[in-house]
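Novice: Protein chains in written order, with this note's numbering: chain R, -9 to 416; chain P, 2 to 125.
Don't take every hint at face value.
Unchecked claim - One side of the interface only, derived from the structure: several residues of chain R facing chain P at Cβ under 7 Å:
no.	residue
1	Val1
2	Arg168
3	Leu172
4	Arg210
5	Ala217
No lab work stands behind these hints: they were computed from the structure. Using N, Cα and C, we set each Cβ at its ideal position, and we do this for glycine too.
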Amino acid sequence: MSDTHRAILAVWRIEQPRLITSLARMLRDVPLAEDLTQESLLAALEHWPATGIPEKPGAWLMATAKRKALDHLRRGKMLMRKHALVAHELEQHEQTAPDLDSALDDDIGDEMLRLIFTACHPRLPRESRAALALRMICGLTTAEIARAFLLPEPTIAQRITRAKRTLSESGLGYETPRGPELSQRLSSVLEVVYLIFNEGYSAARGDELLRHELCDEALRMGRALTAVAPHEPEAHGLLALMELNASRAAARTDAAGDPILLADQDRMLWDQLQIRRGLQALARADELGGMAGFYVLQAAIIACHARAASFAETNWPHIASLYGHLMTLSPSPVIELNRAVAVGMAEGAGAALTIVDRLTQEPALKRYYLLFSVRGDLLQRLGRMEEARADFLAAAQLTANRRERDLLERRALRCITPAGTAATGG
Amino acid sequence: MRVMYLVKSNHPGPPSPELGEAIQKLTAREVKAGRLLDQGGLMPISMGAEIRITDGKLNLIDGPFVEAKEVVGGFAVFELRDKEEAIAMATEFMQLHRDLMPGWYGTCEIRFFATPPHSPAQHL
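For reference, chain R alone in the conformation it holds in the complex (with noise of 0.2 Å):
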């Protein structure tokens, strides 16, 4: 890609949410509107390498959309169908030329809800909204969400097409959920930003840099959506558990790219900038009454975290306590194994053991590989140094990621002489 491409590339994205949002109130169609909207950055790309990228791009692609926008419903179908709709819109824009200077006047708000509802319909499987996510709200090329998710371009060319068709032919291209519905429709939405997120965050292969702008995808959409859905307190919940977990990123690897466990991470490196905005943005979720969520409840063990000063302060009978209301609301294994870990660290090992110990009969957990590592280390913790070693490296046989079973067999190592080993929290 040349430095010019890269740089008409940049102003269209920074467009991008104002062109679909205002080409889909004309349109009262969201993937005809993202259609008409990728033909003006091919414009730009078209034009602007010899005549210069323009004083006020924004507006230039704004009329350039525009008049694409007017073309299509001039050209009938369209106009046949909804002509009620558009007919006065359509005249209001032959009357007026584009006024360049009231380019800020839209106001998206609205329409950017309807944006995202509509990339997140729960009609659509779940990686389809994924890709159509990160397409729509954050105007990525289909060749970047590809390298991101480790998949054949072709592959998600055609997942997006599939689901721009879906959407159209079912006639949910244009409509926006309000009130109870709207809450309704939410976790839908929250799923696919969480899945991004993940992707991300817990990136396992493939080139880790690349895969961490996901998070940051994700954290601007999860921005996006507190601030067109202001009083969903899930959503703020979503936000301030992605903000809080992004918050670690510095401080989660050595050098050598090494994992470096909670327990030892340097704290100077958290990003206070973002814990403050995850702090707030579990506030707001709470001032909305909403601490019993899913996704507050695992805002606020992760924010537990965050305040703490040291890894010895972290208060960990709340963070147990926690789980137990997660546990509550949505029983799993995983959960379950992490409210073991906080009790460790509350009441001992021995009690988490018995929980642990419990789990291992679960079929889900069979071949989980924290299962065993949290074993194993709480075995450490009790002196049992045979068996705790045994967990690891069967913790290290199952897990996918080289550096992590690196770790656990380090871990198993230090596991041979039952005298005199530290024992360190997990």
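Please build the complex by placing chain P on the supplied structure of chain R, with the hints as guidance.
Specialist: Same frame as chain R, now just chain P:
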């Protein structure tokens, strides 16, 4: 990447109402797009102070300031994808000044945070 914009000028007086309004709209748009993290305007340097080290000594300078140089009047922190995006954003912001407050002059400095590169992540 995280970017800080420092808007510097020694142009006297506050922004024109038109410019103020346009900046507010831009701010609202950027909050809704999830890109703007923090921003603020600063009171004139005459209301602040400086601690300066000269010849190895600490000096408090508490006005009067005879300012010939540009001083920081406001800042904003954004999370953006690349340098091109950072430049495009600042260009749009400065173009607003040019359009809505003729005669204004100044600089928008684009600075990237010196945070460590993003690292891969592990659970627990």
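Novice: I'd like to know which numbered hints this structure contradicts. Please list them from smallest to largest.
Specialist: 2, 3
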